[in-house]
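Build out the structure end to end from the sequences listed, making use of the hints.
Chains as they are written, first to last, in the working numbering: chain U, 626 to 781; chain Z, 126 to 502.
In short, the hints are calculated from the structure, not lab data.
Any given hint might turn out to be false.
Stated by the list, open to error - Here are the computed lysine-lysine pairs in the DSS-like style, where the Cα-Cα straight-line distance is at most 30 Å:
#1 Z:Lys373 to Z:Lys361
#2 U:Lys661 to Z:Lys432
#3 Z:Lys221 to Z:Lys432
#4 U:Lys661 to Z:Lys459
#5 Z:Lys380 to Z:Lys362
#6 Z:Lys361 to Z:Lys459
#7 Z:Lys418 to U:Lys661
#8 U:Lys661 to Z:Lys420
#9 Z:Lys349 to Z:Lys413
#10 Z:Lys243 to Z:Lys361
#11 Z:Lys389 to Z:Lys413
#12 Z:Lys373 to Z:Lys389
Claimed, not checked - Here are the simulated distance ranges between beta carbons:
#13 Z:Gly477 to U:Gly767: 29 to 39 Å
#14 U:Leu746 to Z:Ile180: 41 to 51 Å
#15 U:Trp640 to Z:Lys336: 55 to 65 Å
#16 U:Met762 to Z:Pro209: 22 to 32 Å
#17 Z:Pro209 to U:Thr764: 29 to 39 Å
#18 Z:Ala409 to U:Leu769: 48 to 58 Å
#19 Z:Arg211 to U:Leu766: 23 to 33 Å
#20 Z:Ile180 to U:Ala672: 38 to 48 Å
#21 U:Leu769 to Z:Arg211: 28 to 38 Å
#22 U:Gly767 to Z:Pro209: 28 to 38 Å
C-beta atoms are modelled at their ideal positions from N, C-alpha and C, and glycine is treated no differently.
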Amino acid sequence: MSLHDYSPGGRALRWLYGVATGLAVFTGMAQLPIMKRFYLADLPGLAFSADFYVTGDLHYLAAAALLLLLAWRLGLKARGGSFWYSWGPRSAWGWALLGVLIATGAVKAARNAGVYLPPALLLTADFTHLGAAMAFMFTGLGSLIKGRKAPAGEGA
Amino acid sequence: MPETKTLGSLSRRGFLKGTAAAAAGLAVSGLALPQAVQAATGQELCTLLDLSRCIGCEACVDGCRDAWQATVPDPVANIPQPFPERVPIEDWSRRKDVQDRLTPYNFLYVEHLEVPHKGQEQELHIPRRCMHCVNAPCTNLCPFGACQTESNGVTHIDQDVCLGGAKCKTVCPWHIPQRQSGVGIYLNLMPQMAGNGVMFKCHRCLPLLEKGQQPRCIEVCPQKVQSIGPRDGQLKKAEALARQMAVKDGAPEDKWGDYVYGLKENGGTGTIYVAPMPFSEINAAIMKDHQEKAKEERAAAAQAGLKPEQAGLLGNLGRPPMGRVANSMENAEKLTLALMIAPVAGLAAGLGKFLAKVGKLTQKPVAPASKQEGGRS
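Okay, here's the thing in structure tokens:
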């Protein structure tokens, strides 16, 4: 047995990751013109979901929180530690999906900030972002259902 | 080298003849080509409209309709009713003759106004169409990349990709794009559940620009109301013209910004209007006129037993106002900074001492990493 960090950051970061992921997924879906059409925006407290600008801003904030957390994990890894996390991607597939989401999201953010990008690139980024988000959503859902256990001999 | 020989063999007389012919050719083509050539080279273009010249003849509207109306397809015979039923079918195919507002079959219309100004009613005519924003929210926020901005500043909608969700219309400060239901790719997907047609709007004659030609509305205008050219030059022309208008109207020259529209609207557009009176007065006249028209059209629809949405009476009824418009992408532009700072801050925190200590607070002895992280996807 050697000394390792167990879930660095503790419960607070797990919650932050969960809230940020949920918000990113919800506001991402709200970028499709479906919230008003399918009455979701009519539900109490969800009127904001039909406002593409508000949900867009929230999507940015969620993405910034996720980038902060994931970069922090990379920073810890770079320090040479070996950790078990109760939040975030656990497999190469999960990291790959997040990588695609971050890369395509960066393309879209650059366009939103006024950087000129060719239509073909933007179209590709749009569909790839959408596809990766769907895959991430289903993978995450499966992971939630399956549950996550701490390594043998440790409490969750 | 052959090229050198050719040049060398060219007599002085031949050279002069060739030069004269080239100059004549340029003159015949209207010297309009330099601007259009800019489009072909991808330089950002901007149109400038001098409203003091417009006589409201609508030659631009006719020119646009003649060139592009036929490119908008007719819908299928039985347009699928989207689910849920409150989503309206918008069918303009039987009202292609409408040209006093924007419709899927009419990308340009002319506002005919009587503007109260200095105690008099002054006639003013304003060609209206897509503003071709510099940082266009329709392009940025379309979830499928159907709305596109070219390097020459033209914003257009790809008919083959658009599903007709009308998000572009919602996020456009002027609600310019117009929907035709029963056309487009959504018919091959889940027509009841997703999509509702295709959005259409002015594409500033992109196919013509790409061939080095002028947009039709500019080419056919007998009054030369519009000009097109590289953005920087057009902005300077707009400012100079607006200063003249302000002074002529008896206003201080530094109030020239009141006489120009589109320069700063929505963070800057590719369509700049200059008028002989302040746009606050013009917009007041527009709003009054639109309210009256809306009242009449809604009454006519009710008389015909139609709901407003069935009569295409949605939003601003295809007639954009001219109030001052803040940059709708401003928040996104600012939040981009947060996106850039976040990973740097996270990485620094992980590498540094501060949050590493947080990790130590929960430090426990566990099994080796190889056993911990394997096998789960």
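Exercise. Broken hints, numbered, in rising order?
Worked result: none
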